[in-house]
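**Student:** Listed below are the residues making up each chain.
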Amino acid sequence: MTAVLAALLALCVFPGLLFAAAGGLAAEFVDRKLHARMQNRVGPPWFQPLADFVKLLSKEELIPGQADRFVFRAMPILALAAATTALFCIPLFGPRAISRFEGDALVVLYLLTLPTLSFFLGGWASTSPYASIGSMRSLTQLFAYEVPLLMVLMAPGLLAGSWSLSGMALFFQAHALLALSNLPGLCVALVALLGKLEKVPFDLAEAETEIVAGTFTEYSGRRLAFFRLAVDVEAVVAASLLASVFLPWGLSLPLAATVPLYLFKVLAVLFVLALLRTILARLRLEQMLEFCWKWLAPAAMLQLLISVLLAGGLSR
Amino acid sequence: MSPVTIPVGPQHPALKEPESFDITLEGERILGVTMRLGYNHRGIEKACEARSWVQDLFLLERICGICSHAHSTAFCMAVEDIASLQVPPRAQFIRTLVGELERIHSHLLWLGVAGHEIGLDTLMMYAWRDRETVMDLLALLTGNRVNYGINLIGGVRRDVSAEQLEQVLRSIDFLEQRVRYYVEVARTESTLHQRLAGVGPLSMDDARRLGAIGPTGRASMVDRDTRRDDPYLAYGEVQFKVITDWHCDVYGRTLVRLGELLESFSIIRQLAARLPAGPLKVKAPRKVPAGQAVARYEAPRGEDLHFVRSNGTERPERVKVRAPTLANLASVAKMLENHRLADVPIVIAAIDPCFSCTDRAVRLARSAGCERLSWAELRQHGIDWYRREAGLDLAALDRRLAAHPPPGGPP
Numbered sequence: 000m001t002a003v004l005a006a007l008l009a010l011c012v013f014p015g016l017l018f019a020a021a022g023g024l025a026a027e028f029v030d031r032k033l034h035a036r037m038q039n040r041v042g043p044p045w046f047q048p049l050a051d052f053v054k055l056l057s058k059e060e061l062i063p064g065q066a067d068r069f070v071f072r073a074m075p076i077l078a079l080a081a082a083t084t085a086l087f088c089i090p091l092f093g094p095r096a097i098s099r100f101e102g103d104a105l106v107v108l109y110l111l112t113l114p115t116l117s118f119f120l121g122g123w124a125s126t127s128p129y130a131s132i133g134s135m136r137s138l139t140q141l142f143a144y145e146v147p148l149l150m151v152l153m154a155p156g157l158l159a160g161s162w163s164l165s166g167m168a169l170f171f172q173a174h175a176l177l178a179l180s181n182l183p184g185l186c187v188a189l190v191a192l193l194g195k196l197e198k199v200p201f202d203l204a205e206a207e208t209e210i211v212a213g214t215f216t217e218y219s220g221r222r223l224a225f226f227r228l229a230v231d232v233e234a235v236v237a238a239s240l241l242a243s244v245f246l247p248w249g250l251s252l253p254l255a256a257t258v259p260l261y262l263f264k265v266l267a268v269l270f271v272l273a274l275l276r277t278i279l280a281r282l283r284l285e286q287m288l289e290f291c292w293k294w295l296a297p298a299a300m301l302q303l304l305i306s307v308l309l310a311g312g313l314s315r
Numbered sequence: 000m001s002p003v004t005i006p007v008g009p010q011h012p013a014l015k016e017p018e019s020f021d022i023t024l025e026g027e028r029i030l031g032v033t034m035r036l037g038y039n040h041r042g043i044e045k046a047c048e049a050r051s052w053v054q055d056l057f058l059l060e061r062i063c064g065i066c067s068h069a070h071s072t073a074f075c076m077a078v079e080d081i082a083s084l085q086v087p088p089r090a091q092f093i094r095t096l097v098g099e100l101e102r103i104h105s106h107l108l109w110l111g112v113a114g115h116e117i118g119l120d121t122l123m124m125y126a127w128r129d130r131e132t133v134m135d136l137l138a139l140l141t142g143n144r145v146n147y148g149i150n151l152i153g154g155v156r157r158d159v160s161a162e163q164l165e166q167v168l169r170s171i172d173f174l175e176q177r178v179r180y181y182v183e184v185a186r187t188e189s190t191l192h193q194r195l196a197g198v199g200p201l202s203m204d205d206a207r208r209l210g211a212i213g214p215t216g217r218a219s220m221v222d223r224d225t226r227r228d229d230p231y232l233a234y235g236e237v238q239f240k241v242i243t244d245w246h247c248d249v250y251g252r253t254l255v256r257l258g259e260l261l262e263s264f265s266i267i268r269q270l271a272a273r274l275p276a277g278p279l280k281v282k283a284p285r286k287v288p289a290g291q292a293v294a295r296y297e298a299p300r301g302e303d304l305h306f307v308r309s310n311g312t313e314r315p316e317r318v319k320v321r322a323p324t325l326a327n328l329a330s331v332a333k334m335l336e337n338h339r340l341a342d343v344p345i346v347i348a349a350i351d352p353c354f355s356c357t358d359r360a361v362r363l364a365r366s367a368g369c370e371r372l373s374w375a376e377l378r379q380h381g382i383d384w385y386r387r388e389a390g391l392d393l394a395a396l397d398r399r400l401a402a403h404p405p406p407g408g409p410p
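Note that the protein sequences, when read in sequence, are chains U and G.
For what it's worth, numbering that gives the first Met the number 0 labels the leading residue of the first sequence as 0, then goes sequentially.
For what it's worth, numbering that gives the first Met the number 0 labels the leading residue of the second sequence as 0, then goes sequentially.
Hints are computed from structural coordinates only; laboratory data are not their basis.
Ideal Cβ positions, reconstructed from N, Cα and C, are used throughout, including at glycine.
Some clues are possibly wrong.
[Claimed, not checked] Rough simulated footprint, nothing fancy, chain G against chain U, three-plus residues with beta-carbon under 8 Å:
| hint | segment |
| --- | --- |
| 1 | 121 to 132 |
| 2 | 205 to 211 |
| 3 | 279 to 293 |
[To be verified] SDA-like, lysine to any residue: derived pairs with alpha carbons at most 20 Å apart:
| hint | chain 1 | residue 1 | chain 2 | residue 2 |
| --- | --- | --- | --- | --- |
| 4 | U | 32 | G | 124 |
| 5 | G | 15 | U | 212 |
| 6 | G | 15 | U | 207 |
| 7 | U | 32 | G | 123 |
| 8 | U | 293 | G | 190 |
Only chain U is shown next, with the shape it has when bound in the complex (with noise of 0.2 Å):
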């Protein structure tokens, strides 16, 4: 009985649904916040992704006619779901998460790969031309950012021994300085996490000025603010998933200091995924594709060859 209410718990409080949600929104306000005062202005008030949220869930949802209306109405919740589901994965406060086993790390990966799938196939079935694009751009740089951020993201388990999210934690617990090899991979990640939470400048798939709202153009009401929040989790999750993978620090510490080490990491991520979208400019598709595969790729390869070359040297 216990443990059916251990695990409902986890799916509804902690870390599953209702943290996972007021982290998103924590996590876009403090995006929206930054990019604000970077840009010299107010920014908004702390509940206002709360209140857009609960805005967009009272406003009239509307379908397009032609629209595929299962696949329609079902993205945005399985965009949130698997967005969620992979905090299960994921060590937030110690170095063991809730949910682990050999292999999580690509589960992890694929789970965050799901909502960009439902952005593609939700936006595919509206039939609009812009969300059509939208959807076209979406899948495109799909595949320029996700290999980078797949190598460098392996590149620690590489070096750990094990395909566990927790395992690596584990490991870099025992051997702290290790983890300084990573952080080349860590500015590759910071960079493919822009695109993979289509942020400027990856922001083609819904680039505003181009396509109206790309891939969400036909979404309104409900079901658009279950797409925004599931981005908003993602941008946690994936801040959460850079802050164990490539600053694993300090996991073994009692709560009290690993819960603001946490908070501090993620901010951390979270703020330099701010300043990126401050300075720059959209990119278009092609300098998009010729970014990752030029620059990205190759940046992923060093960092997959040095994670290789120590490996081979520790089990010497």
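Got chain U sorted already, so can you dock chain G onto it with the hints?
**Tutor:** Only chain G this time, still in chain U's reference frame:
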């Protein structure tokens, strides 16, 4: 993927005014562009014929919210030409001063819009914040932030005091420092350069053939500027360079506008140093003598042209306005050839379009089945149409009630 046509406009986030660009795409590449103008026709020219000369001055100032001074000054110059009025030098200087301040606010506004179109909102926030400085100056000098209303036929409405001039010079110093920073940003920031360089090319020959004017033409080495070629107001008495650029693309158009800002600062300093004393206006007659005149004015977006004809009454017989956007619009389709969808907003924005300025010509229907209406008929048609569209067609309701009387008869 088969070619798709996506509508950019008449309602689209990239356009601040309604205008339609139907863009046929194959993937991201543009196959063709179809433009449609005329969503913003307001009948201003016709309305001018029904108003007095002074009323027209204020009506024409409202053609545009950005280059309003350009339109009212061009109209004043044409009327003063017909009536042979000698505008006092001090008034000429004040008009020039306000005109250059207007150019500064227009170009800074453009810089912000350009930033927004390529996803660099930070540039927009910065440029528009700095633009507030010049808006404050305009409010200080004229009392209004837009539609300054400083012009009168025969002079200007308000004087400029020495303290106001000092404030202008102080603010200009600040703005110059900011614009130099933007020039540096434009030259060094790599994503900005990537999005602007090589985009929307317009060769010098094409620019001449399609009649591109203003910064759009000058960025393709078309060395034309009415301020120098046909000096009006006080432009004959100040030194300035006409900025041209050989890039022939959006990047060049950015550099030209930034360069023109720096020239405007220099012009304002010269004007302030040499502001002559004297009266502000001469008396203008209520009835302008018969005659016609053309006035040319270098608005921030290019040459603005006003044609005015008087038949010796209290009202003009004809007023014709050719706003600069109309001259530049033809080159947009050329610039977009073989480009990508992502470049559409910035290429359109790069001519600094003002569609409501432009949409003035009524299309002349020559095909069969069209009827020509008199002014009174057209007016009645408009009134009827709006009644019907607003769902307030009481006449139709009466007819329906008469045809199907409610059971029991009227109460």
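**Student:** Now look at each hint and say whether the structure bears it out.
**Tutor:** Against the structure, the hints come out as follows:
1. 121 to 132: Held - the segment 121 to 132 of chain U has 4 residues with a Cβ nearer than 8 Å to chain G, which meets the minimum of three.
2. 205 to 211: Coverage by chain G holds here, the residue count being 6 at a Cβ distance below 8 Å.
3. 279 to 293: Held - the segment 279 to 293 of chain U has 8 residues with a Cβ nearer than 8 Å to chain G, which meets the minimum of three.
4. U/32 <-> G/124: 14 Å, holds
5. G/15 <-> U/212: Answer holds: residue 15 of chain G to residue 212 of chain U is near 16 Å, not above 20 Å.
6. G/15 <-> U/207: 13 Å, holds
7. U/32 <-> G/123: Holds, at about 17 Å.
8. U/293 <-> G/190: 16 Å, holds
Every hint from the earlier list agrees with this structure, and none is contradicted.
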